[in-house]
Structure formats: structure tokens, C-alpha cells
Amino acid sequence: MSPAEDNAVRTSARNGWLLSLPALILLAFAASGPLLIVIWYSFLTANDTGNVIHEWSVEGWKGIFLTYDIFEERYALADAHLTIFWRSVWLSLTTTALTFAIGFPTAWFIATRPPQQRAMWLFLITIPFWTNLLIRTFAINEVIRNEGLLNTLLIWVGAIDTPLQINYTETAVLIGMTYVYLPLMVLPLYATIERFDMRLLEASYDLYASRWATLRRVILPIVKPGIIAGSILVFVPSLGAYVTPRILGGGKNMMIGNFIELQFLQGKNWPLGAALSVALLIIVMGALLVYVRVANRDRSQGHG
Amino acid sequence: MAERGFQISRLPGVATVAIGAFVILYLPIVTLVIFSFNASNSVATWGGFSLHWYGDAWANDDVKAATMRSLIIGVSAAFLSTILATLAALGTTRRRAFKGQTFIYVVINQPLMVPEIVTAVALMIFFGIVKVATGYQGLGYLIAAHTAFCLPFAYLPIRARLESMDLSLETAAADLYATPWQTFRRVTLPLLAPGIMAGAMLAFVISLDDVVITEFVKSGGQDTLPTYMLGQLRRSFTPEVNAISTMLLGVTVVMLTAFFLLTRKKD
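Residue numbers (our numbering), protein chains in the order written: chain A, 686 to 989; chain B, 390 to 656.
Worth flagging that the hints you see were computed from the coordinates, not collected in a lab.
Keep in mind that the hints are not guaranteed to be accurate.
For each label pair, taking beta carbons as the anchor points, the in silico distance ranges come out as [said to hold, decoys possible]: (1) Leu973(A) with Tyr566(B): 47 to 55 Å; (2) Tyr494(B) with Ala894(A): 40 to 48 Å; (3) Leu721(A) with Tyr494(B): 14 to 22 Å; (4) Thr560(B) with Ala689(A): 16 to 24 Å; (5) Glu690(A) with Gln571(B): 21 to 29 Å.
Computed from a predicted structure; not experimentally measured.
Heads up, the beta-carbon is just placed ideally off N, CA and C, and yes, glycines get one too.
Hey, can you work out the whole structure from these sequences and the hints?
Structure, rendered in C-alpha cells:
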């Protein structure tokens, strides 16, 4: 490389940084930087009236799994906390599975429409995708609550006498999350299915594969990147969900997000809330890393 | 081949589930919109067509103030994040890969990866400290927070537009002795304009929809429309909330339609 070229490359890199700098500075103050403060706060002492006392402590982290029994003066497993974690993980995994069960046929359907129709079907998926999560949660609430559409309909046809109590149960949270996160599963699935070469199906049938074998051995392996992307896109926000469990689950069916809010706005145990936030962040980052590794492996192996 | 390929791609039950999925996606939203025009007080029984919930919402000073706040924050955040995103997109595309480019990319997209509740808590703590230190309690914190999480939404369409842009026009301008600034002002920017508009619109929609971060960052009396609605839902369900939802929904649909027209590939 000649000195002049070398210089040009360096100038180009410098300009790249300079142009990105304003965005980076804002993000450092209003997004990334404050995350470091949360880590720091998770190691401080709780102040009973809110906020923290600036003394080093690991009580916040211990509090995730343990509670201190003041009568027996020893630590015991915090069953209530474990129930919340278990519920969050279980509901998020089930939501992911349900959105896949509904989302895969939907994405397949859109991808197999004639090209000129596809944009319209995609637009129909995108509108709910961009619509306020609060409004959609509120909308599904209109359907499943006691005086809602579903119960009114069921009573009217005579299937039931008293309304089904769906709201304020785990089922309501599950229905709500499946409803609000469905588009997040359909879009990446569609993106991979659209590139799927339908001639592979002919080849598979010609070789006497059953429909089931074709689905399992031909279609699913090829659309795997889309399945993983969709699953991550649904699982990650489900795990940190706050609005949907709050409205549909009520106070009894808290998820991690609501539990974190409780520590900051009502429970007044900021270090515990901070530790929970960091733990949630670590789990989410772990899931994203797995995704990046699987995606890179698939890309390096190549397919099709 | 197309004919046969189409036939063979038909898996049993797929169309049924897919149509079902579309019905499930839209039925609740349509119900919500219909009941916003309900004359009756109840959210359950239909009492004829009426606009009086819209009138109520309009006459409600809290709703008016929250709408104004949502608009101020949304417009400011969309404007600022689009400027920052445009600069960053110009900095990270169409040049030889440089050291730290991936880092910049990850930082800009970070708001998409971190759970909202975690960012909300982090900003509540940090801005809390700043509020005590400076005494300033205004909307600036909400605007800064919204600008930050809107950035990736503004950045991605602008970047996509830049990457698909033809370099030859800019080369031609430079060949005709245009200065770099003239080339940027007269060639690059007009070509980039649809991407910038699209980015600004997505940023505005994202800002208008935010609940969680706003709920944690806002000071007393700084409700936006979504946090006002969340507060209402805690007390009772009235069709007034349906009316506000329907209006927000309308804004979203209009913005999205514009976004699609702007980013549509010309075939």
C-alpha cells in the first residue's frame, strides 16, 4: 500500500468515527452508560425508604435466591422468587412454542402466495407489529375478560352459564404474549421460507418421502435460521415482559419485569432490583450469543 | 414449473391456520375500534353509534396535556435521532471496513437487544442522580431517552438506503468539480431523502408507543398518552381509553403506509 493510500484509509476511518460520535455520545448517556450504574447499584446496601446506602454489599445478589429469616436467623431459599423465575421462563418458552406453531403455517402461507399478493399479506402482519403493545394488550383484554367478546359469545350460544375466568391467570398472560409477539415470529420465518427452493419439495416427493418426512428432513433444516431468529425475537422480549403480565396477569402472576418494578417503585429494595436487572440482562445476552454463534455456523457451512 | 411448484408447496392445514392467525390478529383490534364508537357506558354491550367518548377524551385536560407531551417528545426524538442516525450511517457505510466499526454497530443497535425494563431501571437511577445534581426536572430526560431507543429504528432504513445507492452519480459530480460538500448537498442528500423520511417516521411511531421507559423516567405530572392509558387501566376500563387507542392506532397506520410507500422498491 502506498503512503497516500494508507493516508486515505486512515482519514476514512477517522471520518467514520467522527460521524458516528454524536450518536455514540448520546447512547453513552441515555442507554449504555446507565447500565453500568445498575451493575454498581446491585452491590450496594438497600435503604428502606428507597434508593441505596453507599456501602458495599452482596445482599442484593443473595436476595435473588435467598431470603433472610429474621426469626431463625438464617438464609432460606426464596420460594416466592423462584416461582416468579420459573413462571417467567415457562411462560416465555411456551409463548415461543405457540407463536411458532401458529407462525410457521402463517409464514408458509404468505411465502407461497403469488408474488403480487405477498406484499399485501406482509403489510397485514406489519401493522400489528408496529402497533402499540399497550393497545394490543388492551385489545386482547377486550376479548378474554369476563364481560368480553369470548365470554359473551359463549354464553349467547349456550356453551357456558357463567363467564370463564381467563383474566388474571397465567393462561391470560400466555394468550396475551402469544398474541402480541406473533408478528415477531412470522417475519423472520417468512424471510427464510421466501428463499426456500420449492423444487426441493418435488425432489423429496419424487423420492417417495411422506409429507411428514419432507417437513422434518427437508423444510425444517433449511428454514432453521429463521426458526432460531424468530424464537430469539419472541423469547427475549417475553422474558422481560412488563406491560402484558401487568394488565392481564394482575398482581398474582408477576413475571421478572414486574418483580423488578416492584423492587424499585414499591418494595424499596433497589440493590435486589438492580441484581435482578443484571441477571435478566445476562440471560438475554447469553441467548443472543447462542443465536450469533448458530447463525455464523450456518452461514459458514452454507446451505441450499 | 411455476404452476406445479405452487401446487406442491401447499401443505395440508396451512391455509386454515394462517387465515385463523390473521383473524386472531385483527379481531381484538377491530373490537377495540368498534367499541370506541359505542354509545353505551359499558364496554361490553352495544348501545348504538356515538362519538361521545372521543368528545370526552377531547374535553379531558389530562388527555390533552398528555397528547401534547407525546407529540413534543415524539417529534423531538424523531428529529434528533434521525440527524444522529444519518451521520452515523454515513460514517459506517460505503467506506473500507475500519477498526471499531462493529463496535459502533453494536452500540447503536444496543437498545434493540437490552430488555426495556432493564434500560428503564438504569435510566431511572442515572437520571435520578442528574435530577438531584442539576435541579432540572423538565422533558429533556424523556427526549434524551426516547432519542436513544429510537436511534436504531432511524439508523437501519437510512443505512439500507445508503448501501443500495448507486455510487456513480456521486463520482460523476466529483468528476464535474463539485466539492465534497456540494456533492453531498446536491446529490447524496436528495438520493438519501426517502431513507431519512422513513427512518424519521419509524422513530416517531416507536417514540409514540413507548410505555415502559417513559413510565420509569418521567417526573411527576409528565404523563404521555401511553402512560396515561396505563394509569387509567389500573383503575377502570372505560371506552374513553378505546377512543384514545383508536386515535393512536390511526396515527400508526398512516405513518406505516407512508413508510411503505417511501421504501417501496420501484419495479
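Now for the hints, and whether the structure bears them out:
no. : hint                                 : verdict
1   : Leu973(A) with Tyr566(B): 47 to 55 Å : holds, 48 Å
2   : Tyr494(B) with Ala894(A): 40 to 48 Å : holds, 42 Å
3   : Leu721(A) with Tyr494(B): 14 to 22 Å : holds, 20 Å
4   : Thr560(B) with Ala689(A): 16 to 24 Å : holds, 19 Å
5   : Glu690(A) with Gln571(B): 21 to 29 Å : holds, 25 Å
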